[in-house]
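Undergrad: Here's the letter readout for the chains.
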Amino acid sequence: MRLKAALLAAVVAFAPAMMAPAMAQPKTALSVGIAAQDIGRLDPHFAVTTIDRVVVAWMFNGLVRFKPGSINPAEIEADLAERWESSADGKTWTFHLRRGVKFHGDFGEVTADDVVFSLKKAAQPSTSAFSADFRAFETVEAVDPYTVRIVLKENVPSLLGLVTNYSGGFIISKKAYEARGDSFVRSPIGSGPFAFGSVTPNQSLELVAHEGYFRGAPQIKKISYRFIPSDASRDLAYQNGELDLNYGRADQTWVNRTRQVPNTVVDVFEPGELATISFNTLQKPFDDIRVRQAVSLAINRPELVRWRGQDVSREGQSLVPRGYLGFTADNGLLPNDVNRAKALLAEAGFPNGLTIKMIHTQLPEMLSAIQVVQAQLRRAGITLDLQVVEHATFHQQIRQDLSPMVYYAAARFPVADIYLTQFWHSRSAVKVGAAPVTNFSHCNVADAEIDAARVETDKEKQLALWATAQRKLIENACGVPLIETLLVFARRSNLDYGYELKGSMSLGPLITEQTRFR
Amino acid sequence: MIGFILRRLIAAIPTLIAVLTVVFLIVRVIPGDPALVILGDQATPEAIAALHTRLGLDRPLWEQYFAFLGRSLSGDFGTSLVTNRAIVSEVAAVLPHTLDLTGASMVIGVVIGVPLGIWAALHRNRAIDIAARLLSLVGLSFPVFVSGVFLLLAFALHWKVFPVIGNARLDDFPDRIHKLILPAITLGLVMSAYVTRVTRSAMLGVLAEDFIRTARAKGIPWRRVVWKHGLRNALIPVVTVVGLYVGILIGNSVLTEIVFNRPGLGKIIVGALNQRDYTMLQGLMVIYCFLIVVVNLITDLTYGLIDPRVKA
Chain A
2 MRLKAALLAA VVAFAPAMMA PAMAQPKTAL SVGIAAQDIG RLDPHFAVTT IDRVVVAWMF
62 NGLVRFKPGS INPAEIEADL AERWESSADG KTWTFHLRRG VKFHGDFGEV TADDVVFSLK
122 KAAQPSTSAF SADFRAFETV EAVDPYTVRI VLKENVPSLL GLVTNYSGGF IISKKAYEAR
182 GDSFVRSPIG SGPFAFGSVT PNQSLELVAH EGYFRGAPQI KKISYRFIPS DASRDLAYQN
242 GELDLNYGRA DQTWVNRTRQ VPNTVVDVFE PGELATISFN TLQKPFDDIR VRQAVSLAIN
302 RPELVRWRGQ DVSREGQSLV PRGYLGFTAD NGLLPNDVNR AKALLAEAGF PNGLTIKMIH
362 TQLPEMLSAI QVVQAQLRRA GITLDLQVVE HATFHQQIRQ DLSPMVYYAA ARFPVADIYL
422 TQFWHSRSAV KVGAAPVTNF SHCNVADAEI DAARVETDKE KQLALWATAQ RKLIENACGV
482 PLIETLLVFA RRSNLDYGYE LKGSMSLGPL ITEQTRFR
Chain B
18 MIGFILRRLI AAIPTLIAVL TVVFLIVRVI PGDPALVILG DQATPEAIAA LHTRLGLDRP
78 LWEQYFAFLG RSLSGDFGTS LVTNRAIVSE VAAVLPHTLD LTGASMVIGV VIGVPLGIWA
138 ALHRNRAIDI AARLLSLVGL SFPVFVSGVF LLLAFALHWK VFPVIGNARL DDFPDRIHKL
198 ILPAITLGLV MSAYVTRVTR SAMLGVLAED FIRTARAKGI PWRRVVWKHG LRNALIPVVT
258 VVGLYVGILI GNSVLTEIVF NRPGLGKIIV GALNQRDYTM LQGLMVIYCF LIVVVNLITD
318 LTYGLIDPRV KA
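Protein sequence lines correspond, in order, to chains A and B. Each residue of the first sequence is one higher than the one before, starting from 2 at the first, in this note's numbering. Each residue of the second sequence is one higher than the one before, starting from 18 at the first, in this note's numbering.
Careful, some of the hints might be misleading.
Said to hold, decoys possible - Dumping the calculated BS3-like pairs for lysine-lysine here, alpha-carbon to alpha-carbon at most 27 Å:
(1) A:503 to A:473
(2) A:28 to B:245
(3) A:92 to A:121
(4) A:223 to B:235
(5) B:245 to B:235
No lab work stands behind these hints: they were computed from the structure.
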C-alpha cells in the first residue's frame, strides 16, 4: 500500500515534467551572434557593413524583393509594389503599391510619398552611401497615393535591382525620418517583419516582431542581435546554447568543427566575394604586360581553394564573380605555369626576379590570403614586399594610388555592369578618374563595351558586350582573379528559415515572418 | 585635505587640455577617413565630400579644434561620427562595467598578491618562495585571451556555472556579480602576479634594514616587527604599482572584455579607433584621462595614510 502511494506520488510529481515536452511551445526568441564590435548606422541607406546590412534587411522592404534565399535577379518578386510595368523604351517605370501596408509603430500606411521620399534620399550623396547607383534617375514622382513613376535618363541593366530590398532600395517612413532627424539612424522606422526595439552599445540590438506586417505576424517574436567580435567566444557561446544562429568564418576547419556540434546545420551561401589582384598599369614594373602576365601565371588558384576550403570557396574564373548576370568563364585566363612566368620576367628584363612593394591590410582573413599569394609568387622569383597597415589606412592609401598591386575582395549587385564599372572602367580609376571608385589598375581597354552594355536593350547583345569586356580585361592582364569566398552561418537544426537558403544579398540569412523554431 | 584635492584637480586641467590637443591632432594625422568608413568601399568622392560637410570635417583644423575645446570644457562631448549616439551616454552605459571589472580585479590582485608576497619574502629561497615566484611568472606570461578561454571552457561549457556572453544587466545586482566573476579572476590573477613580485622584493628590502634589526634586538615579537615595521614601509611601492595598474586596467581590459563579451571602455576605444570616429575618440580620451587623474589622486592620498611622513 505504502509502495503504491509512493508510486502514485511519484507519478503525480513527474507528470507535469513528462507532459511538458508534448505541450511545450516552440521557442519564439532568436539569438544571433555576429562578428562585430557594434552596430553602425541603422539608416538602411548607410548600411554598408555586413553587420548593418544583415539586420536592416529584417526591418525594411523594397518596392520589389529578391525571392528569399535567392540572389538571382531573374527571381525578383513583388514586395511593397504588387505589380509594375515599364514603357517600351525601358525608361519609364510605374509601380503600383500594395494597399494597407503598415510601418512600424504608429507611423501609418506606406504610401507613394514615402517611396518617392526614400528613393530621392537614397539618390542624394549627403543622405545616402548608395547615391551613385541612382545616377540614371531623371525623376521619381507620386502619381497618386499608391502609384510611383520613375523616369530614367538612360537605360540601366537592372532597374528592379535598384528598387529591391538591397542598399538604396529600402523604403523608410518619411514621417519618421522628418520627425526624428539625425536620430533616425539610431531608431529607424521601416515596414519589415521586425521593428527596432533597443540597442545597447557594444552589446546587442533588440528587435521585436512587427505584428501588423503585411505578410502576416512573424512567428519569431524577438530577435537579440549580439555583437561578439571574438570568434572563439562567439563559437563558445553558440556551443553553449546561448546563440541560435552564428556568423561563421569561411574556413574549412571552422566548417568541419562546427558541423560536429550537435543539432547544427552549417549554411554556405551566395554571394561569393571575388578576390582579385589589380596591377597599376601606369606604373613600373606593371606598365609592361609581360610582368603582369608573369604574376598571373604564378598564381595557383586550385591551391588557394585548398587553403581556404573546398566547401566555402571556389576558383575565380573572370574579373566578374560567378553567377552574376553577364559573367563568362571562358576568357583566356592564364593557367599556373611557373616556368613560363620566369621566362616572361627574363624577357621583360628581370632575369633574377623582382621585388614588388604592396600595401596590404592587417585584417586577418585578407592578410592570410595575401601570404599564400606571396608564397606562390616566390616560386616564380617574385618577392612580395608587404607593407602591412591598419584596415582604414589600407583603404585610404590604395585609393591614393600608393600600392602598385592591390588585393581586393568584394561582392556587388549580381549584374556584371556594377563590377565591371567600379573595378575596370577608367571613369572609376582611383585618384584620376572622373568618378573614382575602385579601379586600381587604371585599365580602360573595356570602357566602350562596358558603356555600351549598360544601355543596350537587346539582352543578347548586352551579354555579348559583357563577354567581350571580360575577355579584353583578362587578355590585357589588367588584373587576375584569385578565389571566390562564400558566406557561412551556423544554425540550430530546428531553426527553419521558411525558405531554402542559397543566397542572400543582405550577406546574412533573411529572417522572415515564416522563420520559426520547429 | 579638501584643499589638497581641489588643488590637485585644478592642476589636472592643463594636463587634460594637453591630452585633448594631442588626441585631436593625432587622430587627424593618422591616415584613414571616417567618411570612407561610414560610406563603405563604393563611396564616390562627391558622397565623401558631402559627408565631410555634414560632419564638419571640411572646416579648417583650428576652427574644429576650438569648437571641440569649447564644447569639451563645458562638458559636451558631442555625438559619435559613426553611430550618431551621444558620447556621454555611450560612456555612461559602459563605465559601470569597467569600474566593476577594475575594482574586482584590484581586490583579487591585492588579496592574493600581498599575502603571497609577504609569505614568499619571509621564506626567501625556500620552497614557498620559489613556488610563489613561479606562480607569478605563470600569471604574467599567460595572455588573457588564453586564460580567459580556458576559464570559459571549464566553467561555462563543461560545468555550465557561468554564461559565455557576459553582458550583465546593471540593475540586477546578482546578475552583475555572477557575470563579473570569471573576467575578474582572469584579470585579477595577472594583477596578483605583479603585486606578489613587488611585495616580495619591497618586503625583502625593508627586512634587511637596520631598524628591523634594532626592533628585533629590543625584543619586539617577530610578528609585530613584520606587520608594523616591515609591511607599513614595504607597502609604498605596492600602492604605486597597484595605482599604476588600475590606471592601465581602466582602458586596457579590452582583451578581457572581448573574450568575455563584456561591454567596457577599452572595447569602445579600440572600436572608435578602427572606425576613425574622431569625436568619440576625443571624448573617450578626456574621460579616460580624467579617470587616471582621479586614480593618481587616490594613490597619493593612500601614501599619506600608510606613511605619515608623506604629508598631503
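Undergrad: A separate judgement is required for each hint: does it hold in the structure or not?
TA: Evaluated hints:
1. At roughly 31 Å between alpha-carbon atoms, residue 503 (chain A) and residue 473 (chain A) are farther apart than 27 Å, so this suggested pair is violated.
2. This hinted pair does not check out: residue 28 (chain A) and residue 245 (chain B) have alpha carbons roughly 62 Å apart, beyond 27 Å.
3. About 17 Å separates the Cα atoms of residue 92 (chain A) and residue 121 (chain A), which keeps this hinted pair within 27 Å; it holds.
4. In summary, the hint linking residue 223 (chain A) to residue 235 (chain B) is not supported, as the alpha carbons are separated by about 74 Å, beyond the 27 Å threshold.
5. Restraint check: the Cα-Cα separation between residue 245 (chain B) and residue 235 (chain B) comes to about 14 Å, which is no more than 27 Å; the hinted pair holds.
Violation of the numbered hints given earlier is confined to hints 1, 2, 4; the remaining hints are satisfied by the structure.
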